[in-house]
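Protein chains in written order, with the working numbering: chain D, 1 to 415; chain X, 1 to 299; chain F, 1 to 222.
There's no promise every hint is true.
[As the list claims (entries may be wrong)] Here are the simulated lysine-lysine pairs, BS3-like style, with alpha carbons at most 25 Å apart:
hint: 1; chain 1: F; residue 1: K198; chain 2: D; residue 2: K33
hint: 2; chain 1: D; residue 1: K384; chain 2: X; residue 2: K298
hint: 3; chain 1: D; residue 1: K247; chain 2: D; residue 2: K189
hint: 4; chain 1: D; residue 1: K180; chain 2: D; residue 2: K199
hint: 5; chain 1: D; residue 1: K183; chain 2: D; residue 2: K218
hint: 6; chain 1: X; residue 1: K298; chain 2: X; residue 2: K229
hint: 7; chain 1: X; residue 1: K8; chain 2: X; residue 2: K182
hint: 8; chain 1: D; residue 1: K247; chain 2: D; residue 2: K258
hint: 9; chain 1: D; residue 1: K48; chain 2: D; residue 2: K5
hint: 10; chain 1: D; residue 1: K194; chain 2: D; residue 2: K105
hint: 11; chain 1: F; residue 1: K169; chain 2: D; residue 2: K5
hint: 12; chain 1: D; residue 1: K258; chain 2: D; residue 2: K218
hint: 13; chain 1: F; residue 1: K198; chain 2: D; residue 2: K345
hint: 14; chain 1: D; residue 1: K349; chain 2: F; residue 2: K198
hint: 15; chain 1: D; residue 1: K118; chain 2: D; residue 2: K93
hint: 16; chain 1: D; residue 1: K384; chain 2: F; residue 2: K169
hint: 17; chain 1: D; residue 1: K37; chain 2: D; residue 2: K218
Calculated directly from the structure, the hints in this document are not laboratory data. These numbers come from a predicted model, not from an experiment.
For reference, the chains in residue letters:
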Amino acid sequence: MMLPKLSRYALIILAIVVMSLYLPNLYNKIFDKKTGKTQLFFSPVIKKFMFREMVGEGHRFVTQDENGKTYDRQSFETLIPFVYYKNMELWGKLPLTIDGHVFDKQTIKKNRQVFEFKPRMIADRTPRIQVFPLFESKPGVTRLRFPKDAFRMTDRMEFINVDTNIVDEKMTGQFTQALKQAKFLFPAKLVAGKVSILKPFDEGFFIVDAGGDLFQIKRAKGQPVIVKITIPAGINIRSIKIPENKKKEIYGILLSQKGNLYLISYNKYRLIKMPLINYDPDTMDFKLLINPLYRTAVYSSNQTIYSVAMDNLYRPIAQYHRVMFTGKKTMADRVFEVIFPFYIKTMDKTSGYLQFNTVGSGRLFFIGNAFSLPFAVLIMRTRKFEFKKNWFDLTVVIFTGLYGLIATIIINPEP
Amino acid sequence: MENVIEIKNLTHCYGKQIIYENLNLTVPQGRIFGLLGKNGAGKTTLIKILMGFLRPTSGACRVLGEDSHNLSPAARRRIGLLFEGHLAYDFMSIAQIEKFYSAHYSAWNRSLYFELVDRLDLSYDHLIKNMSCGQRSQVVLGLIFAQNPDLMILDDYSMGLDAGYRRLFLDYLREYVKDGSKTVFMTSHIVQDLENLVNDIFFLDRGKEIFQTSLDEFMSGFKQFRFIKNGSGSMPIKMPYKDDVIINTDNTGNMISVYSFETGAAVSAHLKGQGIDVSGLEHVPMTLEDAFIGFTGKY
Amino acid sequence: MFLSILYKEWLKIRIYWVIALMLNLFVIGWLFLGLRHLFIIEHAEMIWYQIFEIGTLHYTHVKYFLIITGMIIGAAQFIPEMIGHRFRLSLHLPIGPNVLVLWSALIGFISVGVLAVLDAVLLYAVIGIYFPHEAAQSAFLTVLPWLWAGLIAYMGTALTAMEPQLSRKLVYLAIAGGFVWFFCSGHDYESYNRVLWKPVLVSLLFIPAVFLPAFRYRNRSL
């Protein structure tokens, strides 16, 4: 009788796992009404932070400034003219003057840039096969083209011909030699670059060598162009994103192992540190809005949104944060915590890798478990099962609440 | 002499239907038992319970000294079981099934199997699923004999067998039990086959007490008496009814038969007590089949 | 005696195993022909871009064939045992019901496993013809959870077939289905890399689970 009993316990555990994988998702599909995150801006006109926040059902939203003053939509957008410049043009409000400077549509467009850096973009948070195309950065035509080879960083920089799937020893030797001359230490720790022919130009790849040094590697007229970039001591690079923007002010974003975010500027690759408090790169989306007058960094978790307004030299001017409406616990959230003592989380938008983590629901779960126990006892009595012999069932219900209750009922003990 | 099968206070219900109630049965070693009963009396169910394929509602069954619901591999090795319908692994061939089973039984008699199976005159690669019911039966019986078990349980061995093979099988069975150490527990729809074979018989009737006796005692004790129906004038013919003495009655044409364990004189007197005046009560000799039908009744 | 059970199970499933083998070879063959055709009609550098950057998976149908394989073998092994209550034949063998069921399940598990490993190896080889070994390795890692899904599909089919009660069969199907769905839910290559060992470890509980349906079979009242 021992083995069938253990067999039943195994099935109960499997049933609980399946339920905790799917029932919470089903509940959220039915009851979750959370809409989008708050949008936060810095107004160059009134020098205050302003936000648009979804509040409740029906996609209602409020547009306010940091002091709580409410604006109608047009007033709101007029105070953030560099973001809503197209509407400004429609409303005949261009050109506009702020702080004595005049801005027309062309000037605004030319001086606008948005950088995004989400957790999923961090190199170690998303799988990526380490084979990349090194574009010809001087193709002699307007559009970039995919090269006939792709490289991988092993103990050399190996180029593989895409038609034959064979290593191009000549190209490999050429680039590897150039890297060694530039004091590159193989193997590489990180390879970063934008793989797309839709970008306006190509800055090649930013590669971190075995010693932690950063190099920019490009291909110009078939020849290697290697630049060793001097990084301040103490910065260990975790991830880099290169967005190739026409403005040519910023090469890209660099994330250090310590969690600090830097911009790599076109000014001799100087690193500009972002002054972000409470920034957690693994959970927060980061956005840098560059406009003609200010640079605004906005970053948020699921609960709180932060912002830092900076001047043209990235010196912080003002800071703001707020708990978003969608960050507040709703009734549905609380009921969720009561019903489900835990759930198994598999997907997270902050990562390209799947998870299999048990997430506890907080202190409310014991209410739900406490309700499940009398049900279990009642059903046992109805079916005439002895409590002493069914200690496993009762223990499972105490610890897993609803999951255990359902599992022990549908996979009932053998008489 | 150990009891090979022991059933104590066996009660089995299926839903509200009682199949047995407090059934008791003992089978000592070295005997041949015939389990008799009409269709649906619960013969196959009893065998399923004995072999641990069904859990009874209550009661205890022991086979070869072990709890029937927990028979050890060693016990099963000593039991040859023929399932109703001659169940077999029909995806196997004649040769394959012998190769498979022989690995499980240390006393396997290969030549005995092929001796029986050769009579089919089929290739050894012939698949069982491509055989007729009777041919399959012969293969399965061959396997059981080759196993040389201490206890043979045969649930309706005769299904599908022609008269010739049935006779052959009974010959082999007699040979098998010759030394007195083997026990056989069998059912058959062809009751007559059991007459010259079994030592003891059990009558199984659903919901009622099992009736156990030796064959000899039964055949000598259970009698059929027959008399001519006589009606006089407009008076309705009185029919005998069942009671402690009259086990069963039958009416065919103008003859009425009664069955009883009592003597002719006692039966005559008893019928008079039932208000039936009988003269010329005739004792009719019976075969086992006649006695079985007489005891259990026709439908 | 394990060899004799292996012999019996093999006789039972061999035709179906060969059919499953043919199906899996067909899938890999189809992949090979598909890639070959793609390289003829499309520029190689575009195909490489799709594979490495976009993450296009050309071999997702392997997923379904592996699950079908598991179900075919499970059905081929255990459904014949249930027809006409033939399971009693096996339960009467002198090896004990738990050992019998465990060996039978192990044999089926291994036979599905062999096909799964074959799929993975052939996939590696085919991808390796057209792409560097990094892509072949990535395909191998991507396909691992699907191989496991095929094995779970086998275990679920075995459990469901052996279980005598219909309502309980549905429960086992739902549990196995839940795990199979999880192992097939990743969309991108290598998405299970960091996590596979956890659900695989938990799903090993399907192995001891096989004892219960056989026990319940013997515990029936009719």
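Measure nothing beyond the straight line between the CA atoms of K349/D and K198/F; if it is 25 Å or shorter, mark the hint as holding. 20 Å, holds
Starting from K198/F, check that the Cα of K345/D is at most 25 Å away, please. Measuring from Cα to Cα gives roughly 12 Å; hence the hint holds.
Holds or violated: K118/D to K93/D, with C-alpha atoms at most 25 Å apart: At roughly 34 Å apart (the allowed maximum being 25 Å), K93/D and K118/D break the hint.
Within a Cα-Cα threshold of 25 Å, do K48/D and K5/D meet the stated pairing? Roughly 67 Å between the alpha carbons, so the hint for K48/D and K5/D is violated.
Would the pair K384/D and K298/X pass a check requiring their Cα atoms to be no farther apart than 25 Å? At roughly 44 Å apart (the allowed maximum being 25 Å), K298/X and K384/D break the hint.
Does the alpha-carbon distance linking K37/D and K218/D stay inside the 25 Å limit? Roughly 39 Å between the alpha carbons, so the hint for K37/D and K218/D is violated.
Agreement of K298/X and K229/X with the hint, judged by alpha carbon distance not exceeding 25 Å: 19 Å, holds
Compare the distance between the alpha carbons of K384/D and K169/F with 25 Å, and conclude whether the hinted pair is satisfied. It holds: about 23 Å lies between the C-alpha atoms, which stays within 25 Å.
Holds or violated: K8/X to K182/X, with C-alpha atoms at most 25 Å apart: 22 Å, holds
Checking one constraint from the list: CA of K247/D to CA of K189/D, max 25 Å. Satisfied? 29 Å, violated
Given the hinted pair K180/D and K199/D, is their alpha-carbon gap at most 25 Å? Not satisfied, since the Cα-Cα distance of roughly 29 Å exceeds 25 Å.
Are the Cα atoms of K169/F and K5/D separated by 25 Å or less? This hinted pair holds, its Cα atoms lying about 18 Å apart.
When the structure is compared with the earlier hints, violations turn up for hints 1, 2, 3, 4, 8, 9, 10, 12, 15, 17 and for no others.
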